[in-house]
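Note that the protein sequences, when read in sequence, are chains A and B. Here the first sequence is numbered in the numbering used here, starting from 1 and rising by one per residue. Here the second sequence is numbered in the numbering used here, starting from 1 and rising by one per residue.
Hints in this document: simulated from the structure, not taken from any laboratory. Some clues are possibly wrong.
Claimed, not checked - Listed next, with one range per pair, are the computed distances between beta-carbon atoms:
| no. | chain 1 | residue 1 | chain 2 | residue 2 | range |
| --- | --- | --- | --- | --- | --- |
| 1 | A | T73 | B | Y60 | 45 to 51 angstroms |
| 2 | B | T55 | A | C63 | 46 to 52 angstroms |
| 3 | B | S203 | A | T73 | 34 to 40 angstroms |
| 4 | A | M54 | B | T148 | 41 to 47 angstroms |
| 5 | B | W193 | A | R86 | 49 to 55 angstroms |
| 6 | B | V38 | A | D80 | 29 to 35 angstroms |
| 7 | B | G59 | A | M81 | 30 to 36 angstroms |
As the list claims (entries may be wrong) - Quick partial rundown of chain B residues pointing at chain A, CB under 10 angstroms, derived from the structure:
| no. | residue |
| --- | --- |
| 8 | H49 |
| 9 | Y112 |
| 10 | A144 |
| 11 | Q146 |
| 12 | K245 |
| 13 | E247 |
| 14 | F249 |
Beta carbons: idealized from backbone N, C-alpha and C, even for Gly.
Listed here are the chains, written in short residue letters.
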Amino acid sequence: MDHQEETGLPLDGNAAAGLLGELFAVDVTAAEITCGMCGVVGLVGATRVYGGPMGAIFRCAHCDSVVMRLVRTPAGIWLDMRGSRRLLARVAP
Amino acid sequence: MPETEIDISARKRLAWRVAEVGKIIDETPRVKSLVLDVPGWPGHRPGQHVDVRLTAEDGYQAQRSYSVASAPESTHVILTIERIEGGEVSSYLASDVQAGDKFELRGPIGGYFVWTVAIGGPLFLVAGGSGIAPLMAMLRHRAAAQSTIPALLLYSSRTFEDIIYREELDRLAARSDGFKVVHTLTRRQPSGWTGGARRIDHSMLANLGLSANARPRIFICGPTSLVESAAQYLSDLGHERNLIKTERFGPTGG
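Extracted from the complex, chain A is given alone in its bound form (with noise of 0.2 angstroms):
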C-alpha cells in the first residue's frame, strides 16, 4: 500500500503515525481529540490528513475544521493545536 503519491486527496490520520510518533511518547493516533469548532470527540487516527512525511493538517471528520499541525521544519518541529479542545491519551495508569 503506498500512501502518499501526492495525491492531494485526504488520508486517515493513521498514515502521520510516524510524523506523530518522532514527537509523542504514546501513540496519538489511538488518542481520543475534541474538535475546537464542533466540540465532536474522535481518535486521531480518524481525522481526515492532508500532507506528508514533512507535515500534516489533520481535519475533523466531522466539520472539516483544522484540529491540529504538525510541521518539520529545519528549526524542528512545530505543533499547532489551536483548533481542539483537549487531547486524550488513554494510557495504563
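On the provided structure of chain A, position chain B as indicated by the hints.
Only chain B this time, still in chain A's reference frame:
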C-alpha cells in the same frame, strides 16, 4: 465518545532500522511482496504500517508508508507493494528491487487501524486492490492464532489476475474455521465467474447478510473512493461509525 480497545503504552522513540530483502514474491503482474529481514524488529499488531525511506546516491530521500502484510507470528516482515505509474518509491520496490537489497524502515506505527483476536469479532473486512495488505495481516494472525472468530472479507479487484493472495485466501477459506471470502471483479470476469461483477455498492454490502446487530468490527482499506463509499453504505445499513475503521491510500488500486 469513540469506542476504542487500543492499548496506548509508552514506547521507545521511533528508530530507523535497516531492512534486507530476502525473498521476492510475484503476487500479480503489478504487485510484489517483499519478505524482509529486519534486525531488532520489535513486533507489530495486525493492521499497522511502516515508513520506508530510500536514499539516492546524491542524498535525495523519499519516504512512503506501507502496511505490514505478515502476521505478528511470522519471523519476517512482509510488505506488499503495488507499482504505481510514476511512483518514485513504488516503482523501485515493485520493479527494480532485488534479493539482498537494503533500505531503511521504521515502525511499526499506527495503533488506530489494528485488530487482534483479543479484540474479538465478528470481523468484517472490505478491501480494494492492494488495500488487502493490512487486512491480510489480520487474517494471517487469525489463522496463526487458530481463532474461530467469524470473519468475512469482501475483496474488490479489477480482474481475476489482479487478485492478490488469491490462492492463500482460498486455502484460508478451505479451513472451514469461520472465514469466508467474497470477491468482486470490476473490469473483467472469467467465464463461469460466480462472484461479484461490479464495484462495491449498497446492495452488495446489504446482501452479505452481516447484521449490524452483531456489531462486527469493520476495517476498510483501499482507494479513497471505495473506502468512503463503503464506509457510508455500511453506516447507512446501521453499523456504528465507531466500529468502522478506514485506511485510504489515494485514487489508485482496486
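Going down the list of hints, with the structure as the test:
A hinted range of 45 to 51 angstroms for the beta carbons of T73(A) and Y60(B) is inconsistent with their spacing of about 19 angstroms. As the Cβ distance of T55(B) to C63(A) is approximately 40 angstroms, the hint placing it in 46 to 52 angstroms is violated. Our hint of 34 to 40 angstroms for S203(B) and T73(A) is violated, since their Cβ atoms are close to 49 angstroms apart. Distance hint check for M54(A) and T148(B): the Cβ-Cβ separation is about 45 angstroms, which falls inside the suggested range of 41 to 47 angstroms.
For the pair W193(B) and R86(A), the beta carbons lie near 52 angstroms from each other, so the given range of 49 to 55 angstroms is met. The beta-carbon spacing between V38(B) and D80(A), approximately 34 angstroms, falls within the hinted interval of 29 to 35 angstroms. Taking 30 to 36 angstroms as the suggested C-beta distance range, the pair G59(B) and M81(A) conforms, at roughly 33 angstroms. For H49(B), the shortest C-beta to C-beta distance to chain A is roughly 7 angstroms, which falls under 10 angstroms, so the interface hint holds.
With its C-beta approaching chain A no nearer than about 2 angstroms, Y112(B) sits inside the 10 angstroms limit, and its interface hint holds. With 10 angstroms as the threshold, the beta carbon of A144(B) stays out of range of chain A, its nearest partner Cβ sitting at about 21 angstroms, so the hint is violated. A least Cβ separation of about 27 angstroms between Q146(B) and chain A goes past the 10 angstroms threshold, and the interface hint is therefore violated. Of the supplied interface hints, the one on K245(B) holds, with its beta-carbon coming within about 7 angstroms of a beta-carbon of chain A, less than 10 angstroms.
The restraint placing E247(B) at the interface with chain A holds, with a minimum CB-CB distance near 6 angstroms, inside the 10 angstroms limit. The interface hint given for F249(B) is met, as the beta carbon of that residue sits about 5 angstroms from the closest beta carbon of chain A, less than 10 angstroms.
Hint compliance for this structure: hints 1, 2, 3, 10, 11 are not met, and every other hint is.
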